[in-house]
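Student: Put together the whole structure using the sequences plus the hints.
So the chains spell out like this:
There are 2 protein chains.
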Amino acid sequence: MEVITKINEMQTRVLSVRDRKKSIGFVPTMGALHDGHISLIRSAREENDELVVSIYLNPTQFDNSDDFDKYPRQLNKDIEIIRKENADVIFTPCTEEMYPDGFCTHVTQDKLTDALCGGVRPGHFNGVTTIVTKLFNIIDPDRAYFGQKDYQQSAIIKRLVADMNMDVDIRVCPTVREEDGLALSSRNKRLSLEDRKDALCIHGSLQKAGAMFASNVRDAKDIVEEMTSVIKKTKQARIDYISIVNADTLEDLSFINGRALAAVAVWIGNTRLIDNTILE
Amino acid sequence: MEVITKINEMQTRVLSVRDRKKSIGFVPTMGALHDGHISLIRSAREENDELVVSIYLNPTQFDNSDDFDKYPRQLNKDIEIIRKENADVIFTPCTEEMYPDGFCTHVTQDKLTDALCGGVRPGHFNGVTTIVTKLFNIIDPDRAYFGQKDYQQSAIIKRLVADMNMDVDIRVCPTVREEDGLALSSRNKRLSLEDRKDALCIHGSLQKAGAMFASNVRDAKDIVEEMTSVIKKTKQARIDYISIVNADTLEDLSFINGRALAAVAVWIGNTRLIDNTILE
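Sequence order for the protein chains is A and B. The C-terminal residue of the first sequence carries number 280 in the numbering used here, and the numbering is unbroken. The C-terminal residue of the second sequence carries number 280 in the numbering used here, and the numbering is unbroken.
Source of the hints: derived by calculation from the structure; they are not laboratory data. Here a beta-carbon is modelled for each residue, glycine too, at the ideal position from N, C-alpha and C. Just to be clear, a hint being listed does not mean it is correct.
So these bits of chain A aren't anywhere near chain B, every CB distance computed over 12 angstroms [claimed, not checked]: (1) Asn-64; (2) Ile-79; (3) Val-120; (4) Glu-178; (5) Ala-220.
Here chain A is said to cover these stretches of chain B; the calculated rule only asks that three of the stretch's residues, wherever they fall, bring their Cβ under 8 angstroms from a Cβ of chain A [stated by the list, open to error]: (6) 104-114; (7) 124-137.
Simulated crosslink set (BS3-like; lysine-lysine; CA at most 30 angstroms straight-line) [said to hold, decoys possible]: (8) Lys-22(A) / Lys-21(B); (9) Lys-208(B) / Lys-221(B); (10) Lys-158(A) / Lys-158(B); (11) Lys-22(B) / Lys-22(A).
Tutor: What follows is the structure, encoded as structure tokens:
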């Protein structure tokens, strides 16, 4: 396995893979890997000849410098995890390499980026669309892998690829959870033991939504109210948003009559966690 | 020569060219071809195995709907011109193909886009960077060709390609002029006989700038003043801007101490024309 930090070295490697007519699978990460990432890496390993995993903590997608500062970092541990999964390349550039002096181009999106996390994290998704465009151009993958926990991110990236006519297949893999239901997230490493218990209310609220939908409740307001009351039972949890949206357009729904998404963002102490479930 | 209107057909053709390890040269145009375009097409023909010319009048780069409505259109004539130059493909998609329902991604730039035409044509260059990104992704060229008359456009596209890590070589070809010095432009077709004479003041002002620079004038304000007085002798000409800028950053200069650009935009009747010259 090769660890590459320079863009031109990565591009040279990609050209040689292309020359040999091999397919490229790509898993972009910000490091602090957990079993959710590993499930993406395993899917990518299975479906492609060459597997590239990137580790890059992209500053431009953090709307909050405190969140960036506190984001867990464990490069050497991550490299060992990826090595065990038989990746071919880890691409881990520095910020001077990705955003050199004079950098001034941005990829932005409207509509999908206004909903859910976009409403409460200004600029976040423009940071995502810009860095993903760069990484896709450098790595030229056939397939790129994202987790369903970041549902809005994958919807935005699917739109990006369609709008910009990029030839990349976006694969969205199921959310990996702890046994008690908590969605895996790099930010979970920040939770205290107490926080860890409190965080369960998130999954609890989504289970509630799923159960109501299964018993034919279709009024979004009723479901959101019940989800809210589940979370409010945990006194340390502060709701950022609870939304029921159209699963394609991410537009708020008052009545569910197609594929919908129940999505939640909650602060547990100083850590903001998100999760979602499809209602269909 | 093949005329392709569908993105997926264009992509299929590109994949087959790539499979044969042939190089692709690309000349993007908005049609209404003149000898300036032909010089780009000939350079591209010479330097590449496969030559793709696009004809697409991109609505999102017009800041003024009247300018868009009045822009000359002559598709059949353009196809014949390109055929004579031995292009392999004309790519001429419709707007529903380029901007389908739900389209919401934009490529934007700051810094370079604020200067010169960017200051007086809001949104223009964001339309350019977005459509060029799409065309580059569809056609995957080794080299793309632009004219020096649109100097700011080529500076912005060079920056776009560098910032987004696109693997395209941007070639900028010299401005082609009429015998009397008027830079060729599709918009020249709109000039009346009277306008055509008036338009000569533009080249006159640039010649003045060149002569002053040659006789060691380095104060930008002095040069701009003289250029202004050249243009003001033509009563029907209305100055949009006259600027002396750093040729790389496009930042306004008060004193010329490196490679500089003298750039002019002037309304002749209802037609806005631009031109420039390098001072070095």
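Student: Please go over all the hints and tell whether each is borne out by the structure.
Tutor: Going down the list of hints, with the structure as the test:
The beta carbon of Asn-64(A) sits about 22 angstroms from the closest Cβ of chain B, which is more than 12 angstroms, so the claim that it is off the interface holds. Its beta-carbon lying about 23 angstroms from the closest one in chain B, Ile-79(A) satisfies the requirement of being farther than 12 angstroms from that chain. With a least CB separation of 19 angstroms from chain B, Val-120(A) remains clear of the 12 angstroms interface cut-off, as annotated. For Glu-178(A), the shortest C-beta to C-beta distance to chain B comes to about 35 angstroms, beyond the 12 angstroms cut-off, and the non-interface label holds.
The beta carbon of Ala-220(A) is kept farther than 12 angstroms from every beta carbon of chain B, the shortest such distance being approximately 22 angstroms. Given as covered by chain A, the stretch 104-114 of chain B passes the check, having 9 residues with a CB less than 8 angstroms from a CB of that chain where 3 are the minimum. Coverage of a stretch by a chain is defined here by at least three residues with a beta carbon nearer than 8 angstroms to that chain's beta carbons; for the stretch 124-137 of chain B and chain A the count is 4, and the condition holds. Of the supplied pair hints, the one linking Lys-22(A) and Lys-21(B) holds, its CA atoms being roughly 15 angstroms apart against a limit of 30 angstroms.
Taken as a hint, the Lys-208(B) and Lys-221(B) pair is honoured in the structure, with Cα atoms around 13 angstroms apart against an allowance of 30 angstroms. Our distance criterion of 30 angstroms between C-alpha atoms is met by Lys-158(A) and Lys-158(B), whose separation comes to about 26 angstroms. The suggested pairing of Lys-22(B) with Lys-22(A) holds, with an alpha-carbon distance near 18 angstroms, which does not exceed 30 angstroms.
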